[in-house]
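K.L.:
Dock chain B against the given chain A, drawing on the hints supplied.
Line by line, the protein sequences give chains A and B. Per this note's numbering, residue 9 is the first one in the first sequence, and the count goes up by one each step. Per this note's numbering, residue 41 is the first one in the second sequence, and the count goes up by one each step.
Check each hint, because a few of them may be wrong.
Listed below are several chain A residues computed to face chain B (Cβ distance under 7 Å; list not exhaustive) [said to hold, decoys possible]: (1) P83; (2) Q109; (3) G165; (4) G191; (5) P195; (6) S200.
Since the hints were derived computationally from the structure, they do not count as laboratory data. Ideal Cβ placement from N, Cα and C applies to all residues, glycine included.
Below are the chains, spelled out letter by letter.
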Amino acid sequence: MPMGATAATPAELAGAKSGRAGRRVAVSGAGAVSGFGWGVEPLWQGLCAGATAIRPFSRFDHRSHRTHVAAEVPPPPQGSVPVAGRSAGGRRSASDRSGRQLSLADRFALAAAGEAAAAAGLDAALPGLPEGAGGVFFGSSTGGMWEGEGFVAELFGGRRGALHAIASQQVNGPGDAVARRYGFTGPVETVSSACASGALAIGAALAALRAGEVEVALAGGADSLCQLTYGGFNSLRAVDEEPCRPFRAGRAGMSIGEGAAVLVLEPLERVLARGARPLAELAGAGSACDAFHMTAPEPEGAGAAAAIAAALEDAGIEPADVDFVNAHATGTQLNDDAEWRALERIFGERARRLPVTATKAGVGHLLGCSGAIEALVTVLSLARGELHPVPAAADAIDGSCPAALVTGRPLALPAARAALSTSLAFGGSNAALIFRRWTGPSP
Amino acid sequence: MVITALGTAGAHGCGRAGLARALAAGMPPPATEVDRSGGFHRAGGAGRALLTPIAALVPWVPPAEARRMGPPSRLAVAAARMALADCGSNPALLAGPGTAVVLSTAFGPTSFSEALLRQILLDSPEAASPYLFTESVANAPAAQIAIACGARGANVTLCQREAGPLLAVGRGAAEVAAGRAERALVGAVDEMSPLLHAMLDRFGALARPREIARPFDRRRAGVVAADGATVLLLETAAAAARDGRQPLARVRGWGSAFDPSAPPTGWGRGSEALGRALRRLLARCGVQDIQEIDRIASGASGSRAGDRLEAQVLRAAWGAAALPPVLAPKGVTGEYGGGFLAAAVLAAAGVDGVAAAPTAGFDAPDPELGVSPHDGTPLPPLRALLASSLAAGGAAAWLVLGPP
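The shape of chain A in the complex, shown without the other chains (with noise of 0.2 Å):
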């Protein structure tokens, strides 16, 4: 299939029906921001301290809010945000002139993926990329939505608003922005599926590299805090006033989160052909609806275990295959519940002894990126051979949802084959992703 290819055809799809049929796709680099600071290393150190970014926020005044706490991103260091760069040639992109556009999950879409980029040793060449070999697949839920406050609030004031602000609420806005900064021509694809949106473009992003869609792909996610999400999902009384302690007794809710997490994601031997090392391979995706309520989780987990199963068909294992799981686990009563649900069905008895992490208890829920975060520590912990513990250790786990939850202190597994991240949102859409550690020889 010609590099630069822009599209599918259904016959080229259908030889893409299982993982094992298309083409490898390894993860060649890795960038995040998150309520631990602006990078990956930030976010590695603080979940592997077992510590939490969730606490008292300053983005907004919540003493009106029900709950007072989350994962605020701290302020990044000078100079360190790729916002208006120029592009290859010396002109001024797009970017540059629109950067008052430019939201805040627009910028921490920029960073993640410069830093995923420079990791992969991309970073210069990717503005060089052929035509249409170079494509974008992220999530997100409110994109630009505190911006788009501001200047709601302006309106409901009786003032007009600068238009700037509600031009960047665009939940397309951070995919699109990364795009700019490259000058990618190929595809580029937001999903907006509530909290598996990172997770299902990530997905998206393998379907399209197996098909020969694209040559190299940023996937990834971005969302910010606001207050819409923020009020909404108190509204709904599914926030906990403490940080949120998944598989624990006394849970009582999520914590929001704010950031970025971007992959770079290529074929296999594209990878080595350069002499660069895999950080892991992205063996399979699969989704599935619940079809059973808007916000409640079907309780049985069976629409889960639909879309882990699907993942693990696709990336041709078996659930023993799998050494850990990287938990959506929101602290809620019924998601956590739903999901232990769901790893019971795949993993059988295993369930109860297979190690689990929940990075959602360091950096929040991240909301359409939390997919994206997620299989970012996924891959991490796959690279690096360990676990990050969950805070919270004192609380007990309870008795209905039994996870092996990792706690204290990091769990050494150098020798993880493969391990599963999951996704349950809003709707009853879920989606699961599957990583192999990487193997191979190292350049």
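P.N.:
Here is chain B on its own, set in the frame of chain A:
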């Protein structure tokens, strides 16, 4: 891969017959005055939109069910049920893990988001309604379709502005072609709240002062905003034949591209690159001779910059060859709400009269564009139709349809 059913709700009413009549007449349905009482609109700005008569939805989504849905969810569920009725199938067809749902929305549920923000920002965060929040998420319509139909396959919502509807068809077709789903409900939904309408007007996107969309016309001055929903049923030709569903059109391929020179809310200058991307798509669809494409359903909407880029991309793709007849149905359907997608499918299906009317809103060619839309001359039987949709912000999507 074939399209075997089409459900659509819009200013034309419910079902494809009303839209087909409007297209055949070359006249948009009557526009509705938008509620300007919120004070968001500027003086002298656009005041009308093509809005779905809400009462027409009641037979499809009864009040007892609609009370738990926001406006986009009502539109989407109604369109899904119309699609099911369109192919005469039992609702059990859609129930189960074999049915995926892929919808696009340009702006999401804006009226509920606005109402929720009013509560949070003006009243108190504690006044926020969980019902409003639940239906303020972009994927609420797709989720409600899944719940209403029991569709337990992949459930995906895409947000890519005007390119979204064709992207959704491609994504759904990919699910079926790869064997991840047996069938897919795909389409688009958007509401047109007064606040969104006012914002589009403030950006200069809406046609004024006469509020007529004039695709490709020298006097074009903007789009006419619309709400609505369109849902298609996609499945393999074998499944359709097995169950006796008559295809409306065959999906030969799909593709997308991006113009990085575009600003976030406008159109860029990358017509040559987009034209080359379109040529690559056509080649991969097995279109050896570009003249095999014997009509184009263009997403031209009356936007000055958008129509200019659309014309440039088509001319770049066709090169020295003459363009085939270019249909511009947004003169009838308006922009957003999935009407364009429905019109493109009806044109491919050869529905009587759909391509046999002069293009609504078009009077005088724009010499700068070099493209004049179809004049209503009867067309020969379809060989292949290209649907084209360029989005503000840089995205582009195309779909190639053939006769069943």
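K.L.:
Now tell me if each hint is right for this structure.
P.N.:
Hints, one by one, checked against the model:
no.: 1; hint: P83; in the structure: violated, 24 Å
no.: 2; hint: Q109; in the structure: holds, 5 Å
no.: 3; hint: G165; in the structure: violated, 9 Å
no.: 4; hint: G191; in the structure: holds, 5 Å
no.: 5; hint: P195; in the structure: holds, 4 Å
no.: 6; hint: S200; in the structure: holds, 4 Å
The earlier numbered hints that this structure contradicts are 1, 3.
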